[in-house]
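Trainee: Let chain A serve as the given structure and place chains B and C with the ligand on it in line with the hints.
Residue numbers (the working numbering), protein chains in the order written: chain A, 1 to 433; chain B, 434 to 917; chain C, 918 to 1006.
Calculated from the structure, these hints are not laboratory results. Here the structure is a predicted model, which means the values were calculated and not measured. Hints may contain errors.
As the list claims (entries may be wrong) - Listed next, the stretches of chain A that the computed footprint assigns to chain C, with coverage defined by at least 3 CB atoms under 8 Å from CB atoms of chain C: (1) 185-199; (2) 285-295; (3) 309-316.
To be verified - Once the Cα atoms are required to be at most 27 Å apart in a straight line, the calculated DSS-like pairs of lysine-lysine come out as: (4) Lys627(B) with Lys1001(C); (5) Lys668(B) with Lys654(B); (6) Lys54(A) with Lys1001(C); (7) Lys516(B) with Lys929(C); (8) Lys929(C) with Lys1001(C); (9) Lys929(C) with Lys578(B); (10) Lys717(B) with Lys454(B); (11) Lys501(B) with Lys717(B); (12) Lys294(A) with Lys1001(C); (13) Lys330(A) with Lys516(B); (14) Lys294(A) with Lys648(B); (15) Lys648(B) with Lys578(B); (16) Lys612(B) with Lys658(B); (17) Lys961(C) with Lys330(A); (18) Lys330(A) with Lys534(B); (19) Lys1001(C) with Lys516(B); (20) Lys1001(C) with Lys578(B); (21) Lys516(B) with Lys294(A); (22) Lys648(B) with Lys929(C); (23) Lys755(B) with Lys654(B); (24) Lys627(B) with Lys454(B); (25) Lys929(C) with Lys330(A); (26) Lys552(B) with Lys668(B).
Even glycine gets a Cβ: it sits at the ideal position worked out from N, Cα and C.
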Amino acid sequence: MARHTIPFEPDDPCHSFLTTCTPAEYGDGPLAGVAVAVKDNISTKGIETTCASKILKGYIPPYDAHVVGLLRSAGAAIVGKTNMDEFGMGTTTENSAFGPTLNPCDPSRVPGGSSGGSAAAVAAGMVRMALGSDTGGSIRCPAAFCGIVGLKPSYGRVSRYGLIAYSNSLEQIGPLGKTVQDISTLMGVIAGYDRHDSTSQDRPYRHTPAADIKGLKIGIPEEYFGRGVDPHVADVVRKAIARLEECGATTVPCSIPSMEYALAAYYVTCTSEASSNLARFDGVRYGPPPDTRKPWHDAFQEVRRAGFGAEVRRRILLGTFALSSGYYGKYYAKAQVARENVREDFNRIFHDVDVIAGPTMPTIAFKLKEKTDPLSMYLADILTVPANLAGIPSISVPCGSSEGMPVGLQIMGRMFEDERVVDVAYAYEQAVN
Amino acid sequence: MADAEGQVIVGLEVHCQLDTKSKLFCGCSTDYRSDGPNTHVCPICLGLPGAMPALNRMAIEFAMKVAKALNCEIINEAEFSRKNYFYPDLDKAYQITQYDKPLALGGYLEIEGDGGGEKKVRLTRIHVEEDPGRLLHMGNAERGKYSLVDYNRAGIPLIEIVSEPDMRSPKEARKFLNKLRATLEYLSVFDSEKEGSLRVDANISIKGSERVEVKNITSYKGVEKALTFEVTRQKNLIRRGQKIDRETRHYLEARGITQSARSKEQEHDYRYFPEPDLRPLRVKSWLDNIVLPELPDARRERFIAQYGCSPSHARTLTGELKLANFFEQVVRGDPSGLSPLAATWIADTLIGELNYRDMSLDLVDPAAMIGLVQLLKSGTITDKSGVEILRVILDQRHKGEATETPDAIVKRLDLGKAPSDDTALLPVINEVIAENPKAVEDYRHGIDASGNFLVGQAMKKTRGKSDPKVLYQLFSKVVRTKEV
Amino acid sequence: MVTEHEVQHIAKLADIGINTEELGTFTAQFNAILDYFDTLDTVKGEGTGTSELFNVLREDEVEISLPQEDVLRNAPATEDGFIKAPRVM
Ligand SMILES: [Zn+2]
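Bound-form chain A, shown alone (with noise of 0.2 Å):
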């Protein structure tokens, strides 16, 4: 394959990458030359990946994400690694290791997270597309939050070997950009199977969005325009759903009613599952080298006390004490079940309606040390943590602003339907440009 290079120098007073590749490779494809940045949870060989976390600093993988593989493949030119919160557990990207990244559209404001770099460094212009993670909004949040388009896809359509896993059955790498269109590109990429990926489905993505939505339903879900939801966020959304409704589509008004407890369900079971995936982080094979004299325990204790952030041990501690015994019960059992009640309240409804909208935050963009308690920060998460609870796909696109910032609009549809969100989205961004 020919290979060529581009120089990718920016200026990021943002701060939005960890690492920067220059000059960057690229190769024949699709994204020939694109410049495509990396949230740095995603395997990239030969180039230092750390989830924004101390105990990953120096770690070069010898391998490729599988998504990483396709975007080599496309010709795209990776040109470096994205900040992001520690193993993408935050709202805001202020819980990286290395220092906060700052919102494009008001610097003395938060990106949203986790994978605010990605969004920071399209928002800014520094790449035209990037990808992220998704685990509870980790995508959709800093897409709403910088104004840009950013798309969870449906558990399955996009292989997650050589994403560092935080919460194996909540998170999918997706896409964003500028534009609907970007990100649709972008999705036709690293969507498919990959044998390596047990979870994932031989579910391609071949599409060009299409702005024809007529006699779409969209379900109008109360709890999306209820307590905790910022009342001039919901009127620039609800004025959203309006254009769409001028565009052909009918809105039926619609409840989600475990709504009440998807977002316990969603901090059990992700801190749960986290608190395995990151019990492999102990120096040995990689990372701060433990002290080898010192018996097993108290060597792993002081290298994970001095290499994981705050919120990182909070969320590890959690997590063991669901799965703990006496406790697995109540805890981890319980929130499975919860989240098949939030499937099967999505199913009831996807029968009448063909995608649910509303806002992606309660609010807009955090001023930066806005939120420190954690159960609040938990909370912002409400309206994006039930699309993962189900799996199902959805997207934010731009639809206003409150006070300056943007504020997004957000999509779910069916189970697969990925396709449909994005038009839906296109359709949007379409009638307003």
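Mentor: Only chains B and C with the ligand this time, still in chain A's reference frame:
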């Protein structure tokens, strides 16, 4: 029947490496034993961040074969779980194993019980899991101790077979293990000769007292040794009126003893939960397509019926796949004439001589055994010469020297049976009689031992080539004649 | 209500290394979050646990392993091809 107070009760958990080509969750070769450390390792079995497991179909097929052979029930939906604990040889800090949804439940294995006759040992379950890496303990107290890890073994497929506490002695435990090994070998899913391919944890209690778990038994002989040690230790404690602690003990192979594991290690909370990167298994229907080969019990019955083997010879010969195959290679083409003699010579003499040399059956050429048995059958050599010839053959093989056929050895050592007619042997008989007047006198007075002594002296003079039976008859004839 | 003692026990299970200064904060945050998790007590039903995707298996084929130098490259300490680790004896 309820066990009496003081009865030894044993249950086993046996881990066997399945003989697949690649590891359980990745494509790394399982053939690692002759290569350097960390040379059969990839992102998956090294637990690199982002790597995901992909389940080996053959490992599941092998485990299903075992389950069918051991009469287990395959559950409708099996699942893998993570067993979370920290240890430097555990690459992901969790082991992917099966917990509440194991592949197979129930089943049994028949062994020869201590009371004679067949005995059913019930099984609890069979599940599939991955092997961890291997640790070397380095350094010393002064300069600091540390570990070295080799992840080549990490991810090798294992099955764990858990028995009910149905064995009543260390000997029965050994028999269970031997029978299990034979069964797995007959199924071609396991190679017992690979170092470390089998590991056993044993639960042992004396009826009326607490149960002790003995971990870390890595050899077939070790099981009986470790359990015998435990029986003695526990019985001594009971005799002295002391209580037996419910605990985990490690077997120290080199010293033949068990040692209490530190109590800290016993506070485990493995926090099992379903492995989210693997999908469930619904493989019950595969059972119909599994065709089992002839298993040890069936082969034993056939050896008795087809070759006229004694039940005990048939049990020995079929107790190891290689031995059974060797026997059938030796008797092939001569099912009626040679077999009982071959069975005796292989099951009794050959095995004894091999064990004495710690030598593998692989080194023995079936053709040599055929030659030897034929010489014995035709009466060309005596049993004593037969043993001598076998020893020569084995020693030559063992030392890697040029080998001779049994016929050549007979010629070289002049081991052909001496003529058994009276005229040739009479001079020897007369010589012995002349040299041992006291023994002749005793023999005449009916002391059998003296007769045997005289035969022995005559055997010496013919260098073991004469038939002792013929000699005995001659002595009795000659001595009687002289009396007249 | 979770006690500091329980949090310490959990920290030990997770080998997370918690020090006494942090223990109070962690325990307080823990209790607030666990209170919120209590909404799960209202979840009804047993769940079916069924999944549509099952029997995902690969063939038993050997693939090339990593070169030893790649295996060892990220390890902080190695010796003769082995990876150095804390003592267990
Ligand atoms: Zn491997």
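Trainee: Is the Cα-Cα distance between Lys627(B) and Lys454(B) 27 Å or less?
Mentor: Holds: Lys627(B) and Lys454(B) sit about 14 Å apart, inside 27 Å.
Trainee: Taking a Cβ-to-Cβ distance below 8 Å as contact, does the segment 285-295 of chain A have at least three residues touching chain C?
Mentor: Check passed, 11 qualifying residues.
Trainee: Given as covered by chain C, does the segment 185-199 of chain A meet the bar of three residues or more with CB within less than 8 Å?
Mentor: holds (count 3)
Trainee: Given the proposed pairing of Lys294(A) with Lys648(B), does the C-alpha separation stay at or below 27 Å?
Mentor: This hinted pair holds, its Cα atoms lying about 24 Å apart.
Trainee: Check the hint pairing Lys755(B) with Lys654(B) against an upper bound of 27 Å on the C-alpha distance.
Mentor: At roughly 19 Å apart (the allowed maximum being 27 Å), Lys654(B) and Lys755(B) satisfy the hint.
Trainee: Starting from Lys961(C), check that the Cα of Lys330(A) is at most 27 Å away, please.
Mentor: holds (12 Å)
Trainee: Can the restraint linking Lys929(C) and Lys330(A) be considered satisfied, given a maximum Cα separation of 27 Å?
Mentor: Judged against 27 Å, a Cα distance of about 21 Å means the pair holds.
Trainee: Does Lys294(A) lie within 27 Å of Lys516(B) when you go C-alpha to C-alpha?
Mentor: holds (24 Å)
Trainee: Within a Cα-Cα threshold of 27 Å, do Lys330(A) and Lys516(B) meet the stated pairing?
Mentor: Status holds; Cα separation ~19 Å.
Trainee: Within 27 Å, alpha carbon to alpha carbon, are Lys1001(C) and Lys516(B)?
Mentor: holds (24 Å)
Trainee: For the segment 309-316 of chain A, does the count of residues with a C-beta closer than 8 Å to a C-beta of chain C reach 3?
Mentor: The restraint on the segment 309-316 of chain A holds, since 3 of its residues have a Cβ under 8 Å from chain C and three suffice.
Trainee: Tell me if the straight-line CA distance from Lys294(A) to Lys1001(C) falls inside 27 Å.
Mentor: holds (12 Å)
Hint compliance for this structure: no hint is broken.
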